[in-house]
Every structure is written in structure tokens, then in C-alpha cells.
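There are 2 protein chains.
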Amino acid sequence: MKKLINKPGDEVGEMIEGMVLAYPNIVRRIPGWNTLVRADAPTPGKVSLVTGGGSGHEPAHGGFVGRGMVTAACAGEVFTSPSVGQISAAIKGADSGLGTLLIIKNYSGDLMNFGAASEMTDTEGGKIDSVVVNDDVAISDPERRRGIAGTVFVHKCAGAKAEMNASLPEVKAVALKVIRNVRSMGCALTPCIVPSVGKPTFELGPDEMEFGIGIHGERGTRRDHVRSADEVAAVLTNACADDLGLKAGEEAAVMVQGYGATPSMERFILYRAVNKVLQERGIRIDVSWVGEFMTSLEMAGASVSLLRLDSELKSLLAAPCETIAMKQC
Amino acid sequence: MKKLINKPGDEVGEMIEGMVLAYPNIVRRIPGWNTLVRADAPTPGKVSLVTGGGSGHEPAHGGFVGRGMVTAACAGEVFTSPSVGQISAAIKGADSGLGTLLIIKNYSGDLMNFGAASEMTDTEGGKIDSVVVNDDVAISDPERRRGIAGTVFVHKCAGAKAEMNASLPEVKAVALKVIRNVRSMGCALTPCIVPSVGKPTFELGPDEMEFGIGIHGERGTRRDHVRSADEVAAVLTNACADDLGLKAGEEAAVMVQGYGATPSMERFILYRAVNKVLQERGIRIDVSWVGEFMTSLEMAGASVSLLRLDSELKSLLAAPCETIAMKQC
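Protein chains in written order, with my numbering: chain A, 1 to 329; chain X, 330 to 658.
Please keep in mind that the hints were generated in silico from the structure rather than gathered at the bench.
Just so you know, not all the hints are guaranteed correct.
[Said to hold, decoys possible] Below are the PhoX-like pairs computed for lysine-lysine, each with C-alpha atoms no more than 20 Å apart in a straight line:
1. X/K456 - X/K528
2. X/K336 - X/K501
3. X/K656 - A/K327
4. A/K247 - A/K177
5. X/K506 - X/K576
6. A/K7 - X/K501
7. A/K276 - X/K336
8. X/K643 - X/K656
9. A/K92 - A/K172
[Stated by the list, open to error] To be clear about the criterion: a stretch of chain X counts as covered by chain A if any three or more of its residues have a C-beta under 8 Å from a C-beta of chain A, and this derived list gives those stretches:
10. 387-397
11. 413-426
12. 558-569
13. 586-600
[As the list claims (entries may be wrong)] What follows is a set of in silico ranges between Cβ atoms, one per label pair, in the way DEER data are often shown:
14. X/P535 - A/E280: 28 to 34 Å
15. X/M441 - A/S311: 51 to 57 Å
16. A/G198 - X/C658: 37 to 43 Å
17. A/R223 - X/A647: 45 to 51 Å
18. X/M493 - A/L176: 44 to 50 Å
19. A/N165 - X/D536: 53 to 59 Å
20. X/I468 - A/G282: 52 to 58 Å
21. A/K314 - X/G414: 53 to 59 Å
22. A/M164 - X/G361: 41 to 47 Å
Note that the structure is predicted; figures quoted are calculated from it, not measured.
Positions of the beta carbon are idealized from the N, C-alpha and C atoms, including for glycine.
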């Protein structure tokens with residue numbers, strides 16, 4: 001295992017410490033926890049958005065903490081849900097008295113721990129509500145669909161709505177609208193190595209790749225030989241667009257993101273092909289995000305997310321934000 | 330070779346096409362060339378900054394084209410200098426009649442081709458001048474030092490100065506000040522694979538790493554066994570600070586950047602250690618950049634850059650910019 005780390009097991013705390021040291025004007029740490037909150041929290045007049053999950057998905061989730069996106073993000077151990085106590089401390093640390101929306105990805109551990117924290121946390125009169133993201137079309141049953149990169153569109157749109165001093169029901173309505181209209185699918189060229197485990201999460205031959213991976217270094221739903229960027233783009237983009245029922249003339253936001261070890265050059269080569277597939281389908285692309293948003297340690301691979309847009313979501317996506325990983329003026 | 334590409338040899342053109350399709354409000358392509366210019370070029374009243382080099386260093390260089398950074402960036406084939414004709418077309422495409430500063434990294438191919446383009450290009454009365462970046466302290470002879478990640482500090486500061494409608498001599502003076510005051514050093518945990526070659530640039534054992542690498546997938550100046558993030562940070566940071574003669578009480582900007590396959594988590598773990606080394610030396614850190622700025626395809630590894638600051642450079646670093654890879658409000 002070759003990684004720029006110190007002792008396995010220390011990686012999450014040291015990463016959180018590094019983020020605060022590098023960007024103290026954007027984030028601070030909730031004492032005693034691997035949780036980042038906005039440097040200016042609590043923010044009077046604003047509903048707070050609390051999210052998180054296991055670590056290893058950086059920049060998600062702490063990289064999206066800040067003005068116009070999420071208020072607090074809990075970082076569990078690598079690929080492990082944050083604890084109930086940690087989530088409860090995040091809710092309290094972010095609370096401005098106007099209510100909290102928990103943005104949860106559809107994994108049993110996250111559902112259980114965010115749910116329990118929601119029940120056991122007393123806030124200053126603010127209600128706690130939640131939404132569950134399940135954008136991964138690689139799983140056919142919507143109840144079992146995982147939350148993956150499309151979650152960052154929820155952070156952006158709901159965060160922009162909260163920044164405008166909207167009420168908790170209004171912020172939740174935006175989050176639910178994004179969830180109904182976003183789909184994602186990913187592929188991997190390599191597995192990754194969890195530091196405390198020290199060996200690859202699965203084996204993959206030199207000419208093989210996986211389609212339909214999640215974000216925890218697991219195998220996908222289908223193994224294939226290595227395909228060209230154009231072929232990969234067609235598989236991922238059509239799966240999302242078909243499931244979403246996206247029709248010619250509709251507008252969409254597109255996210256093409258690498259899983260950690262896929263360099264910028266390949267992300268743009270893939271984006272070019274995704275763009276062409278959508279153009280052929282007559283979809284109008286309003287906004288594109290190409291980068292790293294929800295990774296899986298140093299896995300090589302990428303995912304495509306499509307979000308159907310209306311005028312409200314377009315303006316929320318375009319709204320200003322200032323976080324470590326995303327800035328809009 | 331596992332990469333999200335199509336035909337080897339097509340990767341640069343397809344990447345450039347993807348960048349323009351994704352961010353048409355920021356960049357456009359100079360017809361017939363793998364060269365990006367600001368979408369709004371030529372920009373009246375502003376000196377133009379033209380840079381570039383081989384591809385494989387993304388987001389450098391095209392990711393830094395835009396308001397407040399560089400005006401145009403030429404992308405050569407992977408790890409290969411752009412041609413004289415390409416650079417000449419970039420100078421003309423960016424020219425607003427007020428002069429051009431070429432920002433060249435210290436490699437013989439770049440020096441030759443940018444130099445020839447400078448001599449053979451007729452602009453509308455604007456002078457063409459140039460600076461050469463040589464921030465890599467892994468090479469002891471300053472004449473032979475390569476230009477690596479510290480170049481992006483030159484793009485930012487000189488770009489901010491040009492955006493303020495400064496004259497060509499004023500913009501050049503800022504670029505030279507950054508070059509005098511910036512030092513970098515990198516390390517690698519893995520080699521990388523040039524698409525048209527198809528095999529790793531060098532061999533490295535499972536417990537080995539290289540210190541003093543450049544940005545072209547080459548071996549470093551010293552091989553070692555794999556060190557902890559804290560040890561790596563100490564080697565890279567002290568080498569830069571010592572060479573720069575950075576004294577307690579001085580202020581610096583810090584860049585910690587991954588070479589392509591080093592995930593965000595490891596970059597922040599490394600940054601934490603760099604920050605501690607600098608604190609122990611009594612250096613005051615004014616601004617930190619942690620991310621990917623000047624990569625080497627999908628190489629795993631990282632570099633550290635230090636820039637000594639004065640009040641002018643501080644305000645130029647803080648000035649607004651809007652490019653694909655860097656936005657400041």
C-alpha cells in the first residue's frame with residue numbers, strides 16, 4: 001500500500017485538521033469530532049443543512065461546507081457511517097434555531113445513525129427533517145438505490161435555497177425536487193485500498209473494468225473488458241437519461257467526475273463524449289461540472305450524473321457559494 | 330494501459346474540445362490549434378499572458394485561462410512542447426495591442442519554441458517579452474532548474490496585475506518577483522503512462538518512492554523507501570524553505586498539490602504536516618492552496634511550493650479570478 005499518510009487509522013482526523021489549517025476562513029472543526037461546520041456557523045436566519053458519511057469520498061462532504069452549500073459535514077472512518085453522537089453534535093453545532101435538514105445517502109448505516117441522531121437531539125426549538133438521496137441507476141430497485149455523486153447537486157441547490165433564508169419546508173422541497181430529477185452511474189478501472197485494510201477492495205484483470213460501482217470500493221453490477229471513453233460515456237449517460245425519461249428539448253445539468261485517480265485530462269475526454277450523447281438526444285445542457293465531487297479514495301474511474309432542470313433549479317445551481325471545493329461568484 | 334481515452338494520439342484534441350464544451354463562458358479554442366484563449370479575448374486595455382507546454386499537466390495550463398489569470402495556453406502533445414506555429418497563433422489570438430508576456434517553464438524545447446515564436450510573430454504594435462520559471466529545488470544548479478508547480482503562482486500574480494490594466498513592464502516585474510521568491514519540490518509514489526507509449530515511464534518497487542521528480546513522468550533525483558506523510562512533508566518543505574532562505578517572521582503562500590492520482594484526503598494529510606513544519610520554522614502562512622495544479626497524468630505523488638510574500642503579492646494572490654480550475658470572488 002503506497003499512500004501519503006502516517007499511521008493507518010489516523011487518516012481521517014489528520015485530513016480534517018489539514019482542511020481547517022488550510023481554509024480557516026471557510027470551515028472550523030466541532031471540538032472532539034471529525035466534523036466540519038461553516039466558519040461563521042450558526043448563521044442567523046438560515047436553516048442548517050447537515051450531511052456526511054464515511055470518509056474517502058473527498059471533497060465530499062467537508063469540501064462542500066460553506067456559504068451557499070452545506071452547514072456541517074460529519075466524516076466517519078473510511079467508508080463507515082459517522083456515529084450517532086457525532087451527527088448529534090453536528091446538528092447542535094450548526095443549529096441557528098430555524099430547523100435542520102439532514103441530507104442522507106441511501107445506505108443502511110447512514111439511515112440508522114442519522115435517523116437515531118435526529119430523534120435524540122434537542123435543538124433550540126428548530127425542527128429536524130431529512131431527505132434520502134438514491135441517484136444510482138445501476139441498481140434497478142429504487143428502494144435499494146445508493147446515493148452517489150448526484151448528492152452534490154442536492155447540496156448545491158438546497159444550500160442555495162437555505163442561503164436565501166427559505167424555511168425548512170421550502171429547503172426540503174428543493175432537496176426532494178433534485179432527488180426526483182437526478183440520476184447517476186459510475187464505472188471503475190481499478191479498485192482502491194482502505195488504509196486500515198491495506199489491500200485492494202477487489203481484484204480486476206489488466207483488461208477489465210466494472211460498470212455500476214458504488215462509492216465504497218465495491219465491485220460493480222457488471223464486469224466488462226476495458227471500453228473506450230466514448231463507449232463508457234454512452235453506457236453511463238444513456239442509463240441516466242433513460243431512467244430519468246429525459247426528453248428532447250428538456251434542459252439538464254451534467255456532472256462528470258473522477259473517483260480519485262482519474263486525471264483531469266480523462267475527465268474532459270469523457271465529458272466531451274457525454275456532451276455528444278446528450279446533444280444527439282436533443283437534451284439542452286445548461287450547466288456542466290467536470291472534476292472530482294464524490295470519490296472513492298484512489299480508485300480510477302468516473303461517474304456521470306444528470307439533473308433535469310427547471311427555472312428554479314437553474315437559478316439555484318447558478319447562485320453564489322464559497323466552499324473549499326466549489327466557489328461561484 | 331487503463332485510461333478513459335479513445336485512440337492514443339487523439340487525447341489532447343479531445344480534452345481541449347471537452348473543456349470548451351463544458352465551460353464555453355470561460356474559454357474558447359483558437360481554430361485549428363489545441364490552444365485555449367479567454368472567451369472574451371482580446372481584452373482591450375490588458376497586456377496578454379501566453380503560456381503552455383506539453384499536455385498531461387492538467388489543470389495546467391488551459392485550466393488557468395480566464396479573467397485574472399492567463400489569456401491563452403498552448404497544449405502540446407503529452408509531455409511535448411507546443412510548436413512554434415501554435416505559440417505564434419496563440420500570441421496573435423490573445424493580442425490586444427498592448428503587449429504580450431510569455432510565461433515559459435525552463436525546458437529546452439519550451440525555451441526554443443517560445444523563443445522562436447516570439448521572434449517570428451508580428452503583433453499589432455505590442456511588444457513580446459518573456460519570463461522563465463525555474464522553481465524546482467531538486468536540481469542544485471539554478472540554470473538547469475525546471476519549472477514545475479510554482480509556475481501557477483506566476484500565472485495568478487502576473488494575471489491579476491494584467492487584469493488591473495498594468496503595463497507590460499509592470500506585469501513582467503511581478504512575474505519576475507514571483508519567480509525570484511518561489512521554490513518547489515515534488516515526490517512520486519508511482520510512475521505514469523504516456524498514452525502513445527503505453528507502458529510506465531519508469532519502474533518503481535512496491536516499497537519505493539522517488540524524491541525530486543519533475544512533471545514529465547521522469548525519475549527523481551533520489552530514490553528512497555516509502556516515507557510517511559510527515560517525513561515527506563519535512564523533506565519537501567525544508568528543501569524549499571532552505572533554498573529560499575525563508576526566515577522566521579516572514580510570510581509565505583503554500584501550495585500542496587497532487588500529481589494526478591493522489592486523492593484529496595492524502596493532499597490534506599500532507600498539507601497538515603507542511604503547515605506544522607512551517608509553524609515550527611516561524612513562517613507565517615498567509616494563503617494555502619491544496620489541490621491539483623500542475624500534474625503528471627495519473628502519477629501518484631505530490632509537490633510542495635512556497636512563495637515568499639510581500640504586500641503586493643498578497644493582494645495579487647487575493648484578487649478575483651475566474652478560470653476552469655480556480656475561481657476567487
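Consistency of the hints with the structure:
With a CA separation close to 43 Å, the supplied pair X/K456 and X/K528 exceeds the 20 Å bound. Proximity of X/K336 to X/K501 is assessed by CA-CA distance (about 40 Å); at most 20 Å being required, the pair is judged violated. Distance restraint check for X/K656 and A/K327: the Cα-Cα separation of roughly 6 Å lies within the 20 Å cut-off, and the hinted pair is therefore satisfied. Between A/K247 and A/K177 the alpha-carbon distance is near 18 Å, which keeps this suggested pair within the 20 Å criterion.
For the hint linking X/K506 to X/K576, the alpha-carbon distance of about 18 Å falls within 20 Å, and the restraint holds. With a C-alpha separation of about 45 Å, the suggested pairing of A/K7 with X/K501 is violated against the 20 Å cut-off. Only pairs whose Cα atoms come within 20 Å are accepted, and A/K276 paired with X/K336 is accepted, the gap being roughly 17 Å. Taking the CA atoms of X/K643 and X/K656, the gap is about 16 Å. The hint holds against a cut of 20 Å.
With a C-alpha separation of about 19 Å, the suggested pair A/K92 and A/K172 falls inside the 20 Å cut-off, and the hint holds. With a threshold of 8 Å between beta carbons, the proposed coverage of the stretch 387-397 of chain X by chain A holds, since 3 of its residues qualify and at least three are required. Evaluation of the coverage hint for the stretch 413-426 of chain X: breached, as 0 residues show C-beta separations to chain A shorter than 8 Å, against a requirement of three. With 3 residues having a Cβ less than 8 Å from any Cβ of chain A, the stretch 558-569 of chain X passes the three-residue criterion, so the hint holds.
Judged by the Cβ-Cβ criterion of 8 Å, the stretch 586-600 of chain X is covered by chain A as claimed, because 12 of its residues qualify and three suffice. At roughly 45 Å, the beta carbons of X/P535 and A/E280 sit outside the given window of 28 to 34 Å. Judged by the Cβ atoms, the range 51 to 57 Å given for X/M441 and A/S311 holds: they are separated by roughly 53 Å. With their beta carbons about 42 Å apart, A/G198 and X/C658 fall inside the hinted range of 37 to 43 Å.
Distance hint for A/R223 and X/A647: a CB-CB separation of about 49 Å, consistent with the stated range 45 to 51 Å. At roughly 46 Å, the beta-carbon separation of X/M493 and A/L176 lies within the given 44 to 50 Å, and the hint holds. Checking the proposed 53 to 59 Å range against A/N165 and X/D536 shows it holds: the Cβ atoms sit about 55 Å from each other. A hinted range of 52 to 58 Å for the beta carbons of X/I468 and A/G282 is consistent with their spacing of about 54 Å.
At about 41 Å, the beta-carbon gap between A/K314 and X/G414 misses the expected band of 53 to 59 Å. For A/M164 paired with X/G361, a C-beta distance near 45 Å keeps the hint of 41 to 47 Å intact.
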